[in-house]
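Visitor: Chain residues, written in single-letter form:
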Amino acid sequence: MSPAVRAFLRSPAGLLGVALMLLVLFAALSADWFFPRDPLSLAGRPLQWPGQNPRLLLGTDNLGRDIAGFICHGARVSLLIGLVATVVAVGLGTLIGAIAGFYGGWVDDALMRVTEAFQTVPNFILLLVLVAVFGSELEVITIAIGVVGWTAPCRLVRAEFMSLRTREYVLAARGLGVRDAGLIFREILPNALPPVIVYASVVMAVAILMESALAFLGLSDPNIASWGNMIGAGRSVLRTEWYVSAIPGVAILVTVLAFSLVGQGLNDALNPRLQAV
Amino acid sequence: MQTTRRQVLVAGSALAVAGGGPALAQGPVPAPQRGGTLTVQLTSEQRVLNPAIQASTGVYVMASKIVEPLVDLDAQGEPVGVLAERWDGSADGLTHTFHLRRGVNWHDGKPFVARDVQFSAMECWKKILNYGTTLYQFLEAVETPDEHTAVFRFSKPMPQGLLLRALPDLGHVIPAHVYAGTDIRTNPANTAPIGTGPFVFKQYERGQYLIAERNPNYWRGNGQPYLDRIVWRFISDRAAASAALESGQVQFSPYSGLALSDISRLSKDARYTVSTRGNEGNTAHTVMEMNLRRAELAKVEVRRALCHALDLGFFIENFLYGYAKLGTGPIPSSSAPFYVPRAAPYPFDRAKAERMLDDAGYKRPSRGAMRFAQPLKLLPAPWGEYTVNFATFIQQSLREIGVRVEIEARDAPGFLTGVYRDHNFDLTTGWHQYRNDPAVSTTVWFRTGSPVGAPWTNQYGYDNPAMDRAIDVAATELNAMKRKADYQEFVKLAVDDVPVHCAVEHAFISVYAKRLMGSHNTPRWSSSSWHDAWLAPA
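Just so you know, the sequences run in chain order A and B.
One point on numbering: in my numbering, the residue at position 72 of the first sequence is 72, and numbering is uninterrupted.
In short: position in the second sequence from 1, add 1000, done, that's my numbering.
Calculated directly from the structure, the hints in this document are not laboratory data.
Some hints here could point you the wrong way.
To be verified - Derived DMTMM-like pairs (lysine to aspartate or glutamate); straight-line CA-CA distance at most 25 angstroms:
#: 1; chain 1: B; residue 1: K1299; chain 2: B; residue 2: D1463
#: 2; chain 1: B; residue 1: K1363; chain 2: A; residue 2: D38
#: 3; chain 1: B; residue 1: K1268; chain 2: A; residue 2: E241
#: 4; chain 1: B; residue 1: K1377; chain 2: A; residue 2: E139
#: 5; chain 1: B; residue 1: K1482; chain 2: B; residue 2: D1088
Construct the complete structure from the given sequences, taking the supplied hints into account.
Guide: See the structure below:
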């Protein structure tokens, strides 16, 4: 067992995060098994309280949908969006950050001005614009969330590259005739990744929250079972049937918390300064 | 809410004149009190306060307190004179003479004369006003033999009943001396109206409020209007709107402005009245429109099958809290002069719906599979819970008979261009309002010939010459009995061809503090002038 894994297992936050993540993963994977019906279909009379009907464990929302089934199917959507958006954001950010940090000079200047242009627009506003222009299908939303979130990982990677590119082992590799691409991807990137991996968990949590916020405003894809969709629908009955919004709210809380805790655990494990203590 | 002045009026006769109607007939009649500010919550604003160029309840709810029509409806739903004192029509239906009220002044002090009616009718109602352009298309001229007579001349017969029932909505008079010679659409008076009504425009702050104050020189006299001031507040968040009502900041929420769950909750609260009374004249249908350009939907059997798949009783009971009833056709049951009782045409029958689709050639490829190669694209009308939740319900219901529906949510401008200009939809939900007579704003959903892009018209490619003929015959029929019979032909065609399924019929729901008196006593009260409304002390 590598020291990093051992360090991670020593972190209570990380372990709790993994446990919660497994719970969400289980809900997502078992959704078709326990709830074979389409989660958007009419399961019964709307607004049945949790426990009122033994067939509907968590009751029904104001559109008559089975909340329990909706939550499990919604876990898939949230995980999918979180994962894909994170890959897009971190991939894009890493690529641009690596090039900017490695080459410096006018390349860095040009790329950083582009990054700043993105950073000056609040993420969520930019997301609203993208959705308004390109539509609200699931694929579009997922990629749009990734696209608005790439600047922070980009800055992070650039800073790492700037500090690593003059290290002895990089100079040695350069002296041995390794090309730029080799230096970037084989020498520097593996050493620059730990903070990015930690940050990726934050990006994932933010991505899930962003989709929920979009859905809450009624701008997400209405044909998928997304937690935010249910919160948005439940808003109109908030004063009387608060559970319609509260249950998917708790699901989002648990998922986002899981990723944040895993991130913290990774940070504990991968941060060499903390390890030394 | 302080009452600055209280003037107790003699009850009895004064109230009878004020048209208290059946509302006050129960129990002892309280005497109206002068003073107080009525605050009204509105969900949205249209930024036009000129009902002579824009026909919409969203305009009337504010502007009709300031600008008055020639005719309104009384408690029994019969036409009663406002700016017109009386009227008579020629036997051939080509001439209608209105004898105007004397001694009425505009808010700027100028006298109200026949020229104002002439200008409003010829320049606004006929040329600009939505629905008016159809209704008044055969209006040739308005003659003014003297200052207090306006003679409407039509080139085709205009039934007097139709004209009188249309005028409360499509007959607001604006001052010619303010508008003549200007661009009517951009005249500043459109957002700072000058009228003859019981309240005078004071201040309009976009997105926030509109204030109108008591007109001390109002022509009805008798201490009317009773209120000192009316404030309309624009509160779009429905949760905040009900909170404002419950905290006493607002006394009245018209036109189903609150969430249905809050309406249901407040109906059990003794401080509020929750009712559809006083809105009978504004009955609407929540409808499913089907685009006949889509190959499957061009077949009438398919359209009928989709209608049979909707369990509307369940929808009304559980989604609309029971505040609605089954629609029976494009003329609602509240329209006494034209409605002939009939059963809901497409009762819920899932097996029958499946059979009909099988017979139309759309069998399921395999058990549980979907029937159409492409899903139906459904654009929900963003007009609140009725149309948005109905879209979800359609999606859920049609899936059960093997028809997949994909919902594409859009904001209001995107929805209107998508449906009415680009025709880029297969299904859409809608909210169609009936205005006292089928010819005012109902037949236009079924007749061909509406310009592309005109909202709330036949934009789904429905074209049946028999329907056009039925509509045209009924619109110019002078005999009231025969006209009613003609419209049954229209209803039958509309229901059989079903380009639009008038699924659910409902009146708007008013929620108001019990302190608000002298209210909801006419069939279109929220759109009327409120000259006799008053507030009891808190």
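Visitor: Regarding the pair K1363 (chain B) and D38 (chain A), is the alpha-carbon distance no greater than 25 angstroms?
Guide: Since the Cα atoms of K1363 (chain B) and D38 (chain A) sit roughly 21 angstroms apart, the hinted pair holds (cutoff 25 angstroms).
Visitor: Taking 25 angstroms as the top limit, are the C-alpha atoms of K1268 (chain B) and E241 (chain A) close enough?
Guide: Holds, because 16 angstroms separates the two Cα atoms, which is no more than 25 angstroms.
Visitor: Between K1377 (chain B) and E139 (chain A), does the CA-CA distance stay at or below 25 angstroms?
Guide: Roughly 18 angstroms between the alpha carbons, so the hint for K1377 (chain B) and E139 (chain A) holds.
Visitor: Against the 25 angstroms threshold, does the CA-CA distance of K1482 (chain B) and D1088 (chain B) hold or violate the hint?
Guide: Between K1482 (chain B) and D1088 (chain B) the Cα gap is close to 20 angstroms, so the pair holds against 25 angstroms.
Visitor: Does D1463 (chain B) lie within 25 angstroms of K1299 (chain B) when you go C-alpha to C-alpha?
Guide: Distance of about 13 angstroms is within 25 angstroms: holds.
The earlier numbered hints are all upheld by this structure, with none contradicted.
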